[in-house]
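**Student:** Below, each chain spelled out in residue letters.
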Amino acid sequence: MYTNLKVVQEQNPLVHNITNQVVTNFTANGLLAVGASPVMANAIEEVAEMASIAGAVILNIGTLTTETVDAMIEAGKAANEKDHPVILDPVGAGATSFRTAKAKQILDEVNVTVLRGNAAEIAHLTGEQWEIKGVDTRSGEGDVTQLAKKASELFGCTVVITGEVDVISNNQGTNRVMNGVPLLTKVTGSGCLLSSVIGAFAAVNNDVLETATSAISFYGIAAEKAAKLVGDRGPGSFQIEFLNQLSKITEDDEVLCKIERITK
Amino acid sequence: MYTNLKVVQEQNPLVHNITNQVVTNFTANGLLAVGASPVMANAIEEVAEMASIAGAVILNIGTLTTETVDAMIEAGKAANEKDHPVILDPVGAGATSFRTAKAKQILDEVNVTVLRGNAAEIAHLTGEQWEIKGVDTRSGEGDVTQLAKKASELFGCTVVITGEVDVISNNQGTNRVMNGVPLLTKVTGSGCLLSSVIGAFAAVNNDVLETATSAISFYGIAAEKAAKLVGDRGPGSFQIEFLNQLSKITEDDEVLCKIERITK
Amino acid sequence: MYTNLKVVQEQNPLVHNITNQVVTNFTANGLLAVGASPVMANAIEEVAEMASIAGAVILNIGTLTTETVDAMIEAGKAANEKDHPVILDPVGAGATSFRTAKAKQILDEVNVTVLRGNAAEIAHLTGEQWEIKGVDTRSGEGDVTQLAKKASELFGCTVVITGEVDVISNNQGTNRVMNGVPLLTKVTGSGCLLSSVIGAFAAVNNDVLETATSAISFYGIAAEKAAKLVGDRGPGSFQIEFLNQLSKITEDDEVLCKIERITK
Chain A
60 MYTNLKVVQE QNPLVHNITN QVVTNFTANG LLAVGASPVM ANAIEEVAEM ASIAGAVILN
120 IGTLTTETVD AMIEAGKAAN EKDHPVILDP VGAGATSFRT AKAKQILDEV NVTVLRGNAA
180 EIAHLTGEQW EIKGVDTRSG EGDVTQLAKK ASELFGCTVV ITGEVDVISN NQGTNRVMNG
240 VPLLTKVTGS GCLLSSVIGA FAAVNNDVLE TATSAISFYG IAAEKAAKLV GDRGPGSFQI
300 EFLNQLSKIT EDDEVLCKIE RITK
Chain B
60 MYTNLKVVQE QNPLVHNITN QVVTNFTANG LLAVGASPVM ANAIEEVAEM ASIAGAVILN
120 IGTLTTETVD AMIEAGKAAN EKDHPVILDP VGAGATSFRT AKAKQILDEV NVTVLRGNAA
180 EIAHLTGEQW EIKGVDTRSG EGDVTQLAKK ASELFGCTVV ITGEVDVISN NQGTNRVMNG
240 VPLLTKVTGS GCLLSSVIGA FAAVNNDVLE TATSAISFYG IAAEKAAKLV GDRGPGSFQI
300 EFLNQLSKIT EDDEVLCKIE RITK
Chain C
60 MYTNLKVVQE QNPLVHNITN QVVTNFTANG LLAVGASPVM ANAIEEVAEM ASIAGAVILN
120 IGTLTTETVD AMIEAGKAAN EKDHPVILDP VGAGATSFRT AKAKQILDEV NVTVLRGNAA
180 EIAHLTGEQW EIKGVDTRSG EGDVTQLAKK ASELFGCTVV ITGEVDVISN NQGTNRVMNG
240 VPLLTKVTGS GCLLSSVIGA FAAVNNDVLE TATSAISFYG IAAEKAAKLV GDRGPGSFQI
300 EFLNQLSKIT EDDEVLCKIE RITK
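Chains as they are written, first to last, in our numbering: chain A, 60 to 323; chain B, 60 to 323; chain C, 60 to 323.
Worth flagging that the hints you see were computed from the coordinates, not collected in a lab.
Nothing here was measured: the structure is a model prediction, and the numbers come from that model.
Each hint should be verified, as a subset may be incorrect.
Since the list gives no way to pick out one identical chain from another, each pair is judged satisfied if it fits inside one copy or across any two copies.
[To be verified] Subject to a maximum C-alpha distance of 20 angstroms in a straight line, what follows is the list of computed PhoX-like cross-link-like pairs (lysine-lysine):
#1 LYS65 / LYS141
#2 LYS307 / LYS287
#3 LYS65 / LYS245
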């Protein structure tokens, strides 16, 4: 895990985010804490050029409009041409038909490298029924590992489903990560930032299964360390300490990784 | 007060915010701290569907555009059809003629449940003169309680005017809340978040006068507790501790309520 | 330095920001901490009216669109008519041709009072080559003081280039400020907020060279004090403490100013 993080810190990849209005600041500060270099650019006139110089492109539909989705597709195609990874975060897919349709349109028109969502969002994109309410979701009853595998086959990309256990699956294999704390669900944009951090890791490492697993484990460990320090002070303090801890992972934290590798 | 908060925490209502770009993150984290489930969605293509599944809809014109106001009206009408509460926060009404006109248009086309603003904003909407500068305002000379009553009659909804003393008025009666601290004015979006919190309370309780009063008193108490803990550390620390305290109100805090009920 | 800050705190100038989606909240809270009164308004229908009542207008192209740049130009022209200062922050100029072109368009159509950027952004606008990556930048090899002087002559305005050393130059002279800490680069929007703070200072003092120098030195001192208090806790804690310290500068901090005045 630490090796992957170290490469991010050394190479300081530019991560181009087309993301929602709620999480812009938290995403930028989180990427800086990790050692990446964030940029946000949404205008159709410049997204292709920005995506071309970025190491990874993040497409997040949390507060989508028709215009921003058009920009996302333009940016995604530009990244595809350069073989730069594209991360899609289909926030709230299934909550409205517009979101579901637009997420599918992006999946159709862009070669997405990593699709990251919660179980309900991914299920809705695969056509399965899952309980969903707004952009949050209960963990649901289904088998998340099976869902990740199925979605990965269906969309031909790496699929990450986050929840109590995080599952990463592609045609190379499937990993499960058991790091993280429930307090993360009390910080808006913690899933969105994770998508961007996965992008930062994928920008500097072509082995997507491996590097996404590292990013997710590292992210969960930072949350665990923050939760321990913050105790019961509350979600405000946790959010700030989490940003601190994202910048403080060392080689010694490697032992905290809880990764389960499932033979294909 | 605590009973109303407890219902929010138990029912975890989905609160649909069409709000300004400044306060999105703070609003979402504040709603999570209170126990509600925030969603932001502005696209005209989906606002009606999102508003239909939400327990309350918040319309905040802080960084309005013609497009977002169109979306607000669409969302408001969808909420009206489902009898879900609609909260209007007319940020900066009176500062420009565009804001005043758009706030009035929303009041005309949507059945607003709660109109919450400072004295200057509400005065401008009722046609009275009041000192206003940008989106902030001095408390002014007028009688805020009379203004709230007048606005409530004029618009046929519950009116909340916040300031040193908060006034809540509708055709059931008028309450005054004396909780809160001046430091709240140093945190951008503290009024906007309050509008959203009132929405969360109104989503789970039809007695709007009662539940809005509870929400406002609870909000002020959280600020008082935060201010006490933070001392003179400054507005940054206060903002974070306030988020902490929003998640930590217990039954024991009931004694801190400073509510004055004015017989009609 | 303190005198200039004190005037801001006493006069509480309204600062109208048309800025990027990443920094809205941090900018508003930072301006409140300094003692100014922030407002954000982007709609073409109201920007001229808002700019007319504001003490200063900040134009920041961090997440520009064609529409927001049109609004910036409208707001800038309205401020020009009232002789109110206009601050331009050309975030990422040089990163894409769209940004460079739009920044130049604003410089062409609006009488900009202060142009503030990093060395790469300013160099790109003057037509010089400079290393740039996304919206961040390495300090580069060139002579920043010469660059500031050249840009000031070219654009006929005060130019501020921030970096390890900050340079302020106009036809009255050139100052260098050596306050600040590297941790500021780990807080997204620290440059953007500085532009807005310079606007708050310029709103209440016509001597732009002097007041911008004060604003920049004061800003750096707040960062130094925050860094000392935070130690190695991390960028999350630093961001919050920085907001605290922006509200806590006193006359005693005057001795911390590191300003070098270069005779013209």
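**Student:** Taking each numbered hint in turn, which are not upheld by the structure, reported in ascending numerical order?
**Tutor:** Going through the list in order, the structure violates hint 1 alone and respects the others.
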